[in-house]
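Between the sequences and the hints, there should be enough to build the whole structure, so can you do that?
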Amino acid sequence: MSAEPDLPGRENRLSSTSVLIAGGGTAGHVIPGISIAQALVSRGFTSENIHFVGALRGIEARIVPEAGFEITLLPGRGIQRRISLQNVKSIAGIISAVFKAFGVIRRRRPAVVLGLGGFASAACSLAAVICRTPLIIAEQNARAGAVNRLFGRFAKACAVPFEGVDLPRTVVTGNPVRNQIIEAAENGDPATAREELSVPLGRTLILVFAGSLGSRRINEAIYGAVSQWRDRSDLAIYHVVGARDWDDRPQLDSGALHYTAVRYEDRMDVAFTAADLAVCRAGGTTVAELAVMGLPGILVPLPIATRDHQRFNAMELVGSGGAVCVSDDDFSADRLVAEVEGVLGRLAEMASAVGSTARPDAADRVAQLMIENLR
Numbered sequence: 052m053s054a055e056p057d058l059p060g061r062e063n064r065l066s067s068t069s070v071l072i073a074g075g076g077t078a079g080h081v082i083p084g085i086s087i088a089q090a091l092v093s094r095g096f097t098s099e100n101i102h103f104v105g106a107l108r109g110i111e112a113r114i115v116p117e118a119g120f121e122i123t124l125l126p127g128r129g130i131q132r133r134i135s136l137q138n139v140k141s142i143a144g145i146i147s148a149v150f151k152a153f154g155v156i157r158r159r160r161p162a163v164v165l166g167l168g169g170f171a172s173a174a175c176s177l178a179a180v181i182c183r184t185p186l187i188i189a190e191q192n193a194r195a196g197a198v199n200r201l202f203g204r205f206a207k208a209c210a211v212p213f214e215g216v217d218l219p220r221t222v223v224t225g226n227p228v229r230n231q232i233i234e235a236a237e238n239g240d241p242a243t244a245r246e247e248l249s250v251p252l253g254r255t256l257i258l259v260f261a262g263s264l265g266s267r268r269i270n271e272a273i274y275g276a277v278s279q280w281r282d283r284s285d286l287a288i289y290h291v292v293g294a295r296d297w298d299d300r301p302q303l304d305s306g307a308l309h310y311t312a313v314r315y316e317d318r319m320d321v322a323f324t325a326a327d328l329a330v331c332r333a334g335g336t337t338v339a340e341l342a343v344m345g346l347p348g349i350l351v352p353l354p355i356a357t358r359d360h361q362r363f364n365a366m367e368l369v370g371s372g373g374a375v376c377v378s379d380d381d382f383s384a385d386r387l388v389a390e391v392e393g394v395l396g397r398l399a400e401m402a403s404a405v406g407s408t409a410r411p412d413a414a415d416r417v418a419q420l421m422i423e424n425l426r
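Counting with the working numbering, you get residues 52 to 426 for the letters of the sequence shown.
Don't read these hints as lab results, they were simulated from the structure.
There is no bait here: all hints are sound.
Cβ-Cβ distance ranges computed for the label pairs, FRET-style: (1) THR311 x ARG160: 49 to 59 Å; (2) ARG160 x LEU252: 47 to 57 Å; (3) ARG204 x ASP282: 53 to 63 Å.
Please read these numbers as outputs of a predicted model, since none were measured by experiment.
Glycine is no exception: its CB is placed at the ideal position from the N, C-alpha and C atoms.
Here is the structure:
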């Protein structure tokens, strides 16, 4: 996608243009939104005129202001996919959120609204449609979520990470990733990164992670694998356990194996740079970051992910030859050991393959799509 040509007055026009970015609830929705906002700033928009709308209960309440953007937080929560008393309260919250979303759009008069998916995106997308404000949908996964499927039919365009996403008027932009990841992919030094993580050189480093809470299934498989690998002086494990299981982790005798366990890692750009192989879930942001970093993966899709979207995400990397996919039910210490042994001899080939799927300019592509559809 080519950038808009430089025209007289274009910079002044964009600097006074208001846009709205709506959605959140999880980092997988919010991080792409922040990356797109930063791309808009680089194109001439001001951060004051880029306004986020998120959910009061979502992670966006913290990380959007930390990124330098204002946010309006909507009350309420989404409808559960089963009959429950909580849904009665949720409906009242949704009605309140929709009225508040209308107020934001009428007050700020955005030239375009970007919907990222999630509860807040639904309220703002509805308000945008009724107010006839141009709507762009940004989907992060290979199978679209319910909110994006509902409002995609009204959108001017739907930015998607891969071909074949089930939305209308799709434009394949890739899934935006954090600037730190792009910088690490371009300039990161593995030796320096390993020194920062206290991991020795000369070993194959396996990075294990599964979000801030972690994954019990993956953690238990790693604990068993460490016992089997205790005589391996050629391997190192950097294990991000997660908050949920941190206090219950076993004391392991790793022997010659270099094993490091941490509760949480906020320097994932450093960890990616240091690693030779990742063992992780297959969320949209994770898959995009592995591709940008050229990091091969053993992917274990979250089995309860809506519409099995993590498995479809994983298949995009598997199809390139840059990853293998193991179902959650089949993932065990023995299976992990076997899969690692199967890829150790071809990590360089896999790194090249997974890197071929990368779209590091995804945020800029979505920003351009928004500019093309300004009111």
